[in-house]
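Those protein sequences? They're chains G and Z, same order as listed. Counting from 1, one number per residue, gives the positions in the first sequence under the numbering used here. Counting from 1, one number per residue, gives the positions in the second sequence under the numbering used here.
Hints were generated in silico from the structure; no laboratory data involved. Treat the hints loosely; a few may be bogus.
Claimed, not checked - Just so you have them, the derived chain G footprint on chain Z, three or more residues with Cβ under 8 angstroms:
| id | region |
| --- | --- |
| 1 | 16-28 |
| 2 | 33-42 |
Unchecked claim - Partner residues are not named here, just some residues of chain Z that face chain G (Cβ under 8 angstroms, in silico):
| id | residue |
| --- | --- |
| 3 | 45 |
| 4 | 46 |
| 5 | 67 |
Unchecked claim - Derived pair list, reagent style BS3-like, types lysine-lysine, alpha-carbon separation capped at 27 angstroms:
| id | chain 1 | residue 1 | chain 2 | residue 2 |
| --- | --- | --- | --- | --- |
| 6 | Z | 9 | G | 237 |
| 7 | G | 146 | G | 26 |
| 8 | G | 32 | G | 18 |
| 9 | G | 32 | G | 210 |
| 10 | G | 222 | G | 18 |
| 11 | G | 222 | Z | 53 |
| 12 | G | 222 | G | 83 |
| 13 | G | 242 | G | 32 |
| 14 | G | 146 | G | 83 |
| 15 | Z | 24 | Z | 53 |
| 16 | G | 145 | G | 83 |
| 17 | G | 146 | Z | 53 |
| 18 | G | 27 | G | 83 |
| 19 | G | 242 | G | 27 |
| 20 | G | 26 | Z | 24 |
| 21 | Z | 9 | Z | 24 |
| 22 | G | 242 | Z | 24 |
| 23 | G | 222 | Z | 24 |
| 24 | G | 222 | Z | 10 |
| 25 | G | 27 | G | 215 |
| 26 | Z | 24 | G | 237 |
| 27 | G | 210 | Z | 53 |
| 28 | G | 23 | G | 83 |
| 29 | G | 18 | G | 215 |
| 30 | G | 26 | G | 242 |
For each residue, glycine too, the CB sits at the ideal point set by N, CA and C.
If you want the building blocks of each chain, they are given just below.
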Amino acid sequence: MAFTNEQLERYSRHILLKEVGAKGQKKLLNGKVLIIGAGGLGAPIALYLAAAGVGAIGIADLDTVDLSNLQRQVIHTTADIGKAKVQSAKETMQAINPDVQVNTYQIYVNAASIMDLIQDYDFIIDGTDNFAAKFLINDACVLQKKPFSHAGILRFGGQLMTYVPGEGPCYRCVFREPPPPDAIPTCRQAGVVGAMGGVIGSLQAMEAIKFLIGKGDLLTGKLLTYDALTMEFRRIKLPGRKDCAVCGEHPSITEPFDYEVPACDLKAEGESHENSPEL
Amino acid sequence: MTIIVAGDKKEYAEGTTLAALIEKENIDSPQYVTVSLNDDFVESGAFADTVLKDGDNIEFLYFMGGGA
Numbered sequence: 001m002a003f004t005n006e007q008l009e010r011y012s013r014h015i016l017l018k019e020v021g022a023k024g025q026k027k028l029l030n031g032k033v034l035i036i037g038a039g040g041l042g043a044p045i046a047l048y049l050a051a052a053g054v055g056a057i058g059i060a061d062l063d064t065v066d067l068s069n070l071q072r073q074v075i076h077t078t079a080d081i082g083k084a085k086v087q088s089a090k091e092t093m094q095a096i097n098p099d100v101q102v103n104t105y106q107i108y109v110n111a112a113s114i115m116d117l118i119q120d121y122d123f124i125i126d127g128t129d130n131f132a133a134k135f136l137i138n139d140a141c142v143l144q145k146k147p148f149s150h151a152g153i154l155r156f157g158g159q160l161m162t163y164v165p166g167e168g169p170c171y172r173c174v175f176r177e178p179p180p181p182d183a184i185p186t187c188r189q190a191g192v193v194g195a196m197g198g199v200i201g202s203l204q205a206m207e208a209i210k211f212l213i214g215k216g217d218l219l220t221g222k223l224l225t226y227d228a229l230t231m232e233f234r235r236i237k238l239p240g241r242k243d244c245a246v247c248g249e250h251p252s253i254t255e256p257f258d259y260e261v262p263a264c265d266l267k268a269e270g271e272s273h274e275n276s277p278e279l
Numbered sequence: 001m002t003i004i005v006a007g008d009k010k011e012y013a014e015g016t017t018l019a020a021l022i023e024k025e026n027i028d029s030p031q032y033v034t035v036s037l038n039d040d041f042v043e044s045g046a047f048a049d050t051v052l053k054d055g056d057n058i059e060f061l062y063f064m065g066g067g068a
């Protein structure tokens, strides 16, 4: 595949980088990344991956755009209110870069749908807003040996880690089981600074790009935490867990399953909800 | 003894347990916090019996479930 003149110009700042170059840009153009959740994290991820020329980008979310989303979900505009998030995201991504194929999945991502959904992708990104979805994505990716990026954001904080099969612990190694309903506040309950999705989502996009071009060190075996109030990033080394229920030596989880989504995460009346309970 | 708590060097009395450390450090909802000590996770049931020693490196890993 030769670059067109337009591609050479569009991707010139990538091609200039020795770690990317023409070869890396071709890897990006041939790359397939799935973003689960077109919200606070998913928005910047989708924007940057589309701009970078990642060839096929899947985006899954059941919801429609709500006014309360626009404080942080920068891929959607006021004119998109009421529109399916995946459609709104696709339109913005293709307006940025028509090179990119955007696959939309306006579906309930659950144990029944996730295995088929992730199958065709090289790298999966968790941009969901609830623990049931985060554990589901982890389990499905471990079972299908798919690399993925986990992230969570809340108030002025965020964290992320990357799982690559055989190269470090999974999300379940660290956190075992979802916390009981209401034990840990959600963004819906506790709030989040919109730019937090930009910081952490951009870091997730960076992990996907590094994975696709095969350069640099990923956050495997490490949890990167960010506190915006103290402006401190910390990269915490994560131990493995030999008895992990899904990636351990004798796994008890051999197929994905759904945790119940806490009632407080359910869609409030008259208010659209980002990913729960569908993701 | 000097131990490293979430990246910071701190002085604690010999014999301090992980449970005592968690209390002193005001860790919120410790039952939902994953604790790593050096290169291993410590189960919450073992906090009271885990006696810290000089040079130990303790990290607290918090659930963060938001994203949308």
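To see whether the hints hold, each was checked on the structure:
no. : hint         : verdict
1   : 16-28        : violated (count 0)
2   : 33-42        : holds (count 5)
3   : 45           : violated (13 angstroms)
4   : 46           : violated (14 angstroms)
5   : 67           : holds (4 angstroms)
6   : Z:9 - G:237  : holds (17 angstroms)
7   : G:146 - G:26 : holds (21 angstroms)
8   : G:32 - G:18  : holds (22 angstroms)
9   : G:32 - G:210 : holds (13 angstroms)
10  : G:222 - G:18 : holds (26 angstroms)
11  : G:222 - Z:53 : holds (24 angstroms)
12  : G:222 - G:83 : violated (37 angstroms)
13  : G:242 - G:32 : violated (31 angstroms)
14  : G:146 - G:83 : violated (31 angstroms)
15  : Z:24 - Z:53  : holds (16 angstroms)
16  : G:145 - G:83 : violated (34 angstroms)
17  : G:146 - Z:53 : violated (39 angstroms)
18  : G:27 - G:83  : violated (32 angstroms)
19  : G:242 - G:27 : violated (34 angstroms)
20  : G:26 - Z:24  : violated (53 angstroms)
21  : Z:9 - Z:24   : holds (14 angstroms)
22  : G:242 - Z:24 : violated (30 angstroms)
23  : G:222 - Z:24 : holds (26 angstroms)
24  : G:222 - Z:10 : holds (23 angstroms)
25  : G:27 - G:215 : holds (11 angstroms)
26  : Z:24 - G:237 : holds (23 angstroms)
27  : G:210 - Z:53 : violated (39 angstroms)
28  : G:23 - G:83  : violated (38 angstroms)
29  : G:18 - G:215 : holds (10 angstroms)
30  : G:26 - G:242 : violated (38 angstroms)
Hint violations for this structure: numbers 1, 3, 4, 12, 13, 14, 16, 17, 18, 19, 20, 22, 27, 28, 30, all remaining hints satisfied.
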